[in-house]
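2 protein chains.
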Amino acid sequence: MAQGAGRDPEELFEELWRACAGPLVELPQTNERVFYFLQGHLEQLQEPTDPALLAEQIKMFQVPNKILCKVVNVELKAETETDEMYAQITLQPEPDQVDLPQLPEPPLQETSRPVVHSFCKILTPSDTSTHGGFSVLRRHANECLPALDMSMPTPTQELITKDLHGSEWRFKHIYRGQPRRHLLTTGWSTFVTSKKLIAGDAFVYLRSETGQQRVGVRRLVQKQSTMPASVISSQSMHLGVLASASHAIRTHSIFLVYYRPRLSQSQYIVRLNKYLESSKIGFDVGMRFKMSFEGDDVPIKKFSGTVVDKGDLSPQWQGSEWKTLKVKWDEATNLNGPERVSSWEIEPFDASAPAITMPVQPSMKNKRPRETAEGLDIHALEPAQEFWLSGRPEQHEKTSVSSSEPKHQVAWTSERAGYSAMSSSISQKLFQVTSNDARVPPWPGLSAYHADEPSSKIFQCRRRGKEGARHVPSVWRQFD
Amino acid sequence: MAQGAGRDPEELFEELWRACAGPLVELPQTNERVFYFLQGHLEQLQEPTDPALLAEQIKMFQVPNKILCKVVNVELKAETETDEMYAQITLQPEPDQVDLPQLPEPPLQETSRPVVHSFCKILTPSDTSTHGGFSVLRRHANECLPALDMSMPTPTQELITKDLHGSEWRFKHIYRGQPRRHLLTTGWSTFVTSKKLIAGDAFVYLRSETGQQRVGVRRLVQKQSTMPASVISSQSMHLGVLASASHAIRTHSIFLVYYRPRLSQSQYIVRLNKYLESSKIGFDVGMRFKMSFEGDDVPIKKFSGTVVDKGDLSPQWQGSEWKTLKVKWDEATNLNGPERVSSWEIEPFDASAPAITMPVQPSMKNKRPRETAEGLDIHALEPAQEFWLSGRPEQHEKTSVSSSEPKHQVAWTSERAGYSAMSSSISQKLFQVTSNDARVPPWPGLSAYHADEPSSKIFQCRRRGKEGARHVPSVWRQFD
DNA sequence: TTGTCTCCCTCAGGGAGACAA
DNA sequence: TTGTCTCCCTGAGGGAGACAA
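For the record, the sequence lines run as chains V and L. Counted from 1, the first sequence has number 436 at position 436 by the working numbering; the numbering is strictly sequential. Counted from 1, the second sequence has number 66 at position 66 by the working numbering; the numbering is strictly sequential.
You may find that some hints are simply not true.
Heads up, the list lumps identical chains together, so a pair's fine if it works in one copy or across two of them.
[What the hints assert, rightly or not] DSS-like, lysine-lysine: derived pairs with alpha carbons at most 27 Å apart:
| id | residue 1 | residue 2 |
| --- | --- | --- |
| 1 | Lys70 | Lys326 |
| 2 | Lys196 | Lys162 |
| 3 | Lys290 | Lys280 |
| 4 | Lys196 | Lys77 |
| 5 | Lys70 | Lys172 |
Hint data in this document are derived by calculation from the structure and do not stem from the laboratory.
Make the full structure from the sequences, and use the hints.
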């Protein structure tokens with residue numbers, strides 16, 4: 001759907017896809033083995049089925065809770081209308097679904113990835129306003145955009161970029177204003193309109209070493225239109241997914257899964273090795289853990305909590321490991337965090353983690369009441385931005401697990417003292433939605449629009465000038 | 001999806017739905033019995049499956065070619081994005097699927113339908129242009145719009161209307177210009193933009209006796225975005241549909257079908273009585289028949305042809321009656337007519353039918369190269385319009401089957417002699433696409449965009465002034 | 001009768017620096 | 001350093017009658 005036409009270096013497409021997907025999205029590799037949790041796949045469809053019928057069908061189709069599969073193929077794609085990324089994953093059930101492997105398999109050779117310069121900026125109301133263009137953060141411009149001829153009075157160039165569909169987007173990049181700053185002007189508003197961007201969404205830019213430029217989008221809230229056409233009944237969909245898997249197991253044939261990382265509530269295709277690692281830890285009631293989320297001002301934010309219960313999510317899937325851990329988040333913050341997680345989504349608690357609680361004073365300025373997500377109060381937004389620069393855009397994932405490649409750098413905005421209080425209220429505003437979507441869009445039972453909830457506390461990395469930097473994992477290097 | 005909110009008189013919604021669906025769309029009634037042809041339902045999904053797998057699954061699920069069902073419920077809906085109408089039909093398989101009824105069941109009592117005034121006009125390039133509004137044909141204004149106060153110098157009023165989703169649309173209706181004519185100005189362009197209308201699409205307007213106004217859209221080509229989100233694999237979809245039906249048969253439980261009349265290639269939910277009627281006729285090789293299509297200048301146009309072959313469409317569905325008749329259309333015109341039809345879609349040939357062949361001189365004027373369907377050459381469009389006025393907007397369906405309610409009136413544009421030659425070339429232009437979509441959008445193996453095909457002939461109702469009227473079924477009354 | 005064109009005039013919005021957080 | 005505002009000015013497009021098919 002998105003592939004094929006116009007996409008030149010195949011690699012760049014993948015880099016863009018990952019940059020848009022965000023640092024938390026993890027995909028299995030071809031030839032790797034994974035566990036496929038049917039239950040999670042059905043949840044992705046977001047349409048509830050009659051539990052009795054479901055139970056009956058599970059029995060009829062004789063499908064186990066998790067299916068050991070070999071990954072035959074992974075194709076990255078993007079929805080034409082919304083640019084939502086998804087992966088078409090071809091799986092083949094392993095012949096033996098009873099004696100499941102207990103030992104990790106040798107890791108696959110990592111494929112080399114091209115060096116790219118990229119940034120991702122959350123759009124401000126001004127960025128999406130009809131008056132004027134996009135304000136490029138100085139860092140981003142310096143690190144990523146082609147250099148301007150600064151000897152000119154007002155340096156200007158045209159950026160010729162492509163999106164995931166291969167469509168071309170041209171932007172005038174100009175360095176002007178008093179004081180001077182980098183802006184994208186002509187071409188920007190068309191982009192905003194076409195992609196239906198609103199404040200809070202993020203703009204992704206990427207440039208390869210060969211000068212190829214790409215642009216993309218990471219939305220704050222998943223466009224609902226993902227589930228538009230009523231093509232077949234939800235019951236039929238569920239049955240179809242069950243039947244496909246069942247048939248594939250019986251005949252050792254392949255089947256396809258459309259994995260939508262930003263829609264799914266939890267990973268339901270889990271690398272065998274990852275699964276085994278988490279089983280080895282054996283999370284149990286009372287244990288402390290932490291979990292990664294997309295932050296608004298840093299790529300990854302970790303929140304900690306305690307496992308308070310353990311048990312099947314639904315009786316139809318007895319003995320499943322899908323979301324079996326009921327958790328309580330520290331400090332009752334993170335109001336929109338999931339109540340239940342799967343063990344492979346969390347890591348053991350580690351005192352060096354930067355998860356820190358701090359109180360927050362809500363700020364309620366109202367400006368620019370236009371162009372924000374319906375019902376979402378980001379009018380009160382203050383300059384909040386997330387970004388990262390790197391040779392490989394997804395490296396933060398590694399960073400947080402202590403990267404073995406110290407060359408990679410992450411920048412993290414440091415702001416002067418006195419700004420942080422306000423900034424954290426922003427953070428709160430954004431986070432209540434961002435975490436929601438970013439990590440796992442609609443947490444069960446919670447609307448994505450809770451920005452007005454009178455929550456008074458929130459987890460947040462300290463960001464008081466240099467002081468804040470101390471909490472950054474040591475491989476992170478601070479610019480500025 | 002479309003229902004619920006804001007829709008006041010439930011009845012009006014149905015009238016609007018039918019007006020948008022067009023005169024050829026036929027729906028079963030609640031409590032009626034129907035045959036459900038799985039094969040047709042799978043075809044609607046438009047995604048081919050591996051035939052071997054399909055055959056295997058058909059066997060596994062033990063589903064017959066056609067399933068006798070009681071219609072438990074019919075809900076009319078419309079896609080949020082595209083306004084495409086569809087029906088959610090709840091079916092319950094009858095206990096006995098072997099001894100199928102041979103005799104028609106007593107017809108259900110017809111539910112009374114509200115009296116409405118409605119018109120449907122195919123949009124000209126001017127109508128969809130950015131300069132100016134919509135030109136209301138005088139007849140349409142007189143028959144359907146609320147009366148203007150003609151004593152004013154420039155009579156004006158505001159039309160407050162709703163669409164299928166309950167959204168409000170306001171239009172300024174003004175009578176001005178030299179010579180005077182009816183126009184919709186303010187509000188029209190927003191409507192065109194929002195509904196993504198292009199020249200060739202049709203605007204539907206409807207007013208109830210109580211003054212309630214409704215508007216809708218009938219598209220020339222079905223928006224492809226109907227099949228957007230890759231939610232589950234096509235294989236899973238097919239399996240899901242099979243499994244649902246199979247499960248419902250075994251347990252005598254209900255199942256849901258989303259019937260998309262403008263997408264489907266043939267009716268696959270057929271009223272029992274209609275089916276029996278057509279079996280009684282027993283179409284066979286060599287027999288002549290006629291079939292109804294949406295015309296561009298009349299509601300229904302009939303084309304005639306001959307059955308040239310009879311046999312299964314695919315070996316997986318042996319003995320099915322789905323599209324078993326291979327046909328040859330008279331005069332080799334109607335290039336986009338289906339090669340295969342099901343017997344319940346056609347009627348025996350009747351010499352009094354207005355299906356007449358006439359040669360055509362292609363006209364190739366090019367104006368206004370903007371705002372037309374991509375690749376579709378309707379630049380050469382001449383004033384061609386389809387419309388109907390009636391107490392009940394769908395009555396033409398009945399008309400052609402000889403209505404028992406002679407009170408209903410249909411108007412049919414009559415134009416002065418000398419215009420018809422040109423008009424037929426338009427007709428040709430439009431028809432090649434219209435018939436395609438209107439009746440049965442993408443004929444197998446044919447793109448919807450064949451307007452440039454050098455077809456030199458076309459079926460057409462004569463329209464030479466009064467002369468043409470003679471071919472109209474007698475219950476049609478001519479305005480003018 | 002009605003589709004198209006053109007002219008006129010308005011206003012949405014792009015593009016700039018000012019200003020302030 | 002960068003988000004927001006305001007001002008200026010242009011051009012897309014709505015709204016009118018002229019004209020012709």
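Intra- versus inter-copy proximity for lysine 280 and lysine 290 (alpha-carbon distance at most 27 Å)
Within one copy only: 16 Å inside, 72 Å across.
Tell me, please, which holds for lysine 196 and lysine 77 at an alpha-carbon limit of 27 Å: within, between, both or neither?
Both: 19 Å inside a copy, 26 Å across copies.
Same-copy or cross-copy closeness of lysine 70 to lysine 172 [CA-CA at most 27 Å]:
Neither: 46 Å inside a copy, 63 Å across copies.
Between the shortest in-copy and the shortest cross-copy C-alpha distance, which are at most 27 Å for lysine 70 and lysine 326: within, between, both, or neither?
Neither: 30 Å inside a chain and 45 Å across chains, both beyond 27 Å.
Could you place lysine 196 and lysine 162 in one of the four classes (within, between, both, neither) given a Cα distance threshold of 27 Å?
Close inside one copy (17 Å) and across copies (25 Å); limit 27 Å.
Hint violations for this structure: numbers 1, 5, all remaining hints satisfied.
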